[in-house]
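Using the working numbering, you'd call the opening residue of the sequence shown number 9 and step up by one each time.
Source of the hints: derived by calculation from the structure; they are not laboratory data.
Check the hints yourself; a few may be wrong.
To be verified - Simulated pairs of lysine-lysine, BS3-like, Cα-Cα distance not exceeding 27 Å:
#, residue 1, residue 2
1, K167, K179
2, K128, K167
3, K186, K101
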Amino acid sequence: MPTHPDMTTDTPDAPDEEPTVPADHGAASEAEAAAGPASGAAVLDAMQHQLAVYARRAEQTRLGGLGQARNSMDRAAYLLLNRLDQEGPMGVKALAAGMGIDSSTVTRQVAPLVESGLVKRTSHPEDGRAVVLQLSPRGEARLEEVRSSRRNLMQLITKDWSEEERGTFCKLLTRFNKAMLELNPSSLAQPPNADS
């Protein structure tokens, strides 16, 4: 997925303030949102507000995990290593396509991972002329260290949640991320049709 900086409208001179939802937009307050579902524009306003708050807090903490692994791996590196771990060795074009970013971005992001020994370039098993990227043993160990740290952080943040709530949140967030990846930029020019 693209790793663009967050799109909040925060100002540098007020780092601790959270973005607010204008009162005239009819957004539900956090208490109302917690109390139960709202409808229509109020839900959409509450969603965008909570995403803005999340983006700010995630950037402040980097959600890097706990312990020594905290903040030790940037988002782009983590997502690349995770993709290679899940999908296996692949070329730059396939890696870029799977992550929804262009090949030049992947090439630039992979270079320091190769230099640090977390990723290695090898020959394609079926076409010796082609080069594929794969996790090195060092990369596998480092990824697991970071994953474990981040897993512990997620457990701490959601310590008062049930397993069902965690599962529902993960399912909906996955669906949301997939919809963002598949969004056609031209569809942003017009609001969705109310009849559809």
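Check: Can you name, in rising order, the numbers of the hints this structure does not satisfy?
Finding: 2
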